[in-house]
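Q: Sequence:
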Amino acid sequence: MNQQDKLQGIPEQMARAIAFIWKEAELLDRKDYAAWQDLWSEDGYYVVPIDHATTDFAATLNYAYDNAHMRKIRIERLTSGFAMSAADAAATVRTVSRFVPVHLSDELVEINSAQVIVGYKRQQHTLFVGDVTHRLRFTAQGPKIEQKVIRLINSMDSLNALGFLL
Numbered sequence: 001m002n003q004q005d006k007l008q009g010i011p012e013q014m015a016r017a018i019a020f021i022w023k024e025a026e027l028l029d030r031k032d033y034a035a036w037q038d039l040w041s042e043d044g045y046y047v048v049p050i051d052h053a054t055t056d057f058a059a060t061l062n063y064a065y066d067n068a069h070m071r072k073i074r075i076e077r078l079t080s081g082f083a084m085s086a087a088d089a090a091a092t093v094r095t096v097s098r099f100v101p102v103h104l105s106d107e108l109v110e111i112n113s114a115q116v117i118v119g120y121k122r123q124q125h126t127l128f129v130g131d132v133t134h135r136l137r138f139t140a141q142g143p144k145i146e147q148k149v150i151r152l153i154n155s156m157d158s159l160n161a162l163g164f165l166l
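Per the numbering used here, residue 1 is the first one in the sequence shown, and the count goes up by one each step.
No wet-lab data here; the hints were simulated from the structure. Just so you know, nobody snuck in bad clues.
Ranges between beta-carbon positions, derived for each pair:
1. Arg-77 x Ile-50: 17 to 23 Å
2. Ala-19 x Asp-131: 19 to 25 Å
3. Ser-41 x Val-93: 23 to 29 Å
From the three backbone atoms N, C-alpha and C, an ideal C-beta is built for every residue, glycine too.
Kindly generate the complete structure, drawing on both the sequences and the hints.
A: If you want it as structure tokens, here you go:
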């Protein structure tokens, strides 16, 4: 990252994490799931809990609780053309903002943010809004996602149109 790439007044680790999170959002909006999968550590978890307050994801019900194997299966379903939700998947635009550091070190960054996703399908817009926590490990090979938790503000409601990754 050069001087022009730095976000003014933000510690370098946090600026690198924010740039990485924005890149992830762009990959998901482009539906470049193979590149998105490459952003993950082998033992990383993608979590969309139903209970907004839970921290024990393994012991509670989730919309998604994906390790590497489950992410691979989800991506295959989204790209195969055989799943109804994937055959006519919504176009999406993500906005990720309100970055708040939880932990900053040279190797590990945990950061909370707000995410708004607008999905467009069949002449209808759908909003998904949530608090997101990324835990990123910075290695010699580059940053990897160790955990991404998306806490939808309406997670206790009946949700439809979740045919894409959040």
